[in-house]
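The sequence shown runs -20 to -1, 1 to 97 under mature numbering (1 follows the signal peptide of the UniProt record, and there is no 0).
Source of the hints: derived by calculation from the structure; they are not laboratory data.
Fair warning: this is a prediction, and the values are worked out from it, not measured in the lab.
Treat each hint with caution, since some may be false.
Derived CB-CB ranges, DEER-like [claimed, not checked]:
| # | residue 1 | residue 2 | range |
| --- | --- | --- | --- |
| 1 | LYS88 | THR54 | 25 to 31 Å |
| 2 | GLY86 | ARG63 | 25 to 31 Å |
| 3 | ALA23 | VAL72 | 16 to 22 Å |
| 4 | LYS88 | ASN55 | 18 to 24 Å |
| 5 | PRO89 | ASP53 | 30 to 36 Å |
| 6 | LYS77 | ASP53 | 31 to 37 Å |
| 7 | VAL93 | LYS58 | 30 to 36 Å |
| 8 | HIS27 | PRO76 | 30 to 36 Å |
| 9 | PRO25 | VAL93 | 19 to 25 Å |
| 10 | THR51 | GLY4 | 23 to 29 Å |
| 11 | TYR56 | LYS87 | 39 to 45 Å |
| 12 | ASN55 | PRO94 | 39 to 45 Å |
DSS-like, lysine-lysine: derived pairs with alpha carbons at most 27 Å apart [unchecked claim]:
| # | residue 1 | residue 2 |
| --- | --- | --- |
| 13 | LYS88 | LYS40 |
| 14 | LYS40 | LYS58 |
| 15 | LYS40 | LYS77 |
Heads up, the beta-carbon is just placed ideally off N, CA and C, and yes, glycines get one too.
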Amino acid sequence: MKSWIGMLMLAGCFAGQAAAQIKGVTLVCRMNDPFLFCSDGCADPDHHWAPLDPIQATIKPVVPYCPFPTTADTNYCKGWSQRAFTAYFQYVSVCPKANKTGEWTGKKPADMVPFKH
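Start from the sequences and build out the full structure, keeping to the hints where you can.
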């Protein structure tokens, strides 16, 4: 009985560590700026998709890239870069958590503050 209690406590420690890692996602695009990432997606050369509605995690494809996440080329479209592929799944998991979108109100464009990113 005592060994089961120890095993449960040990499993709880690992579950807590895994949950903590999910919260701190480092975005692969836009220098980890979630506002810019969720509103504009990745910058060139990894701009293979563009956000439509970050809360619903919908995108629009960028021609000539495939309209779905894939790294393989087809006869009809080019595959996404690994960074764009990873960024899409981050977009789907991170951006809907905002619950609402806002507009940029700064004097400079959002991708220029505090520097170009």
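Structure-based check of each hint:
The hinted window of 25 to 31 Å between LYS88 and THR54 is violated, with their beta carbons roughly 39 Å apart. A hinted range of 25 to 31 Å holds for the C-beta pair GLY86 and ARG63, which are about 26 Å apart. Separation of ALA23 from VAL72 is about 19 Å and conforms to the stated range, judged on CB atoms against 16 to 22 Å. Hint check: LYS88 to ASN55, Cβ distance near 43 Å, so the stated range 18 to 24 Å is violated.
Between PRO89 and ASP53 the Cβ separation comes to about 33 Å, which falls inside the hinted range of 30 to 36 Å. Checked against the given bound of 31 to 37 Å, the beta carbons of LYS77 and ASP53, roughly 33 Å apart, stay inside it. A C-beta distance of roughly 32 Å is found between VAL93 and LYS58, which places it inside the suggested range of 30 to 36 Å. At about 21 Å, the CB distance of HIS27 to PRO76 disagrees with the hint of 30 to 36 Å.
Checked against the hint of 19 to 25 Å, the pair PRO25 and VAL93 passes, with Cβ atoms roughly 22 Å apart. Between THR51 and GLY4, the C-beta spacing of about 26 Å keeps the proposed range 23 to 29 Å intact. The given range of 39 to 45 Å is respected by TYR56 and LYS87, whose C-beta atoms sit roughly 43 Å from each other. Here the CB-CB span from ASN55 to PRO94 is close to 44 Å, well matched to the stated 39 to 45 Å.
Restraint check: the Cα-Cα separation between LYS88 and LYS40 comes to about 26 Å, which is no more than 27 Å; the hinted pair holds. Between LYS40 and LYS58, the direct Cα distance comes to roughly 15 Å. Compliance with the 27 Å bound is thereby established for this hinted pair. With a C-alpha separation of about 20 Å, the suggested pairing of LYS40 with LYS77 holds against the 27 Å cut-off.
Hint compliance for this structure: hints 1, 4 and 8 are broken, all remaining hints hold.
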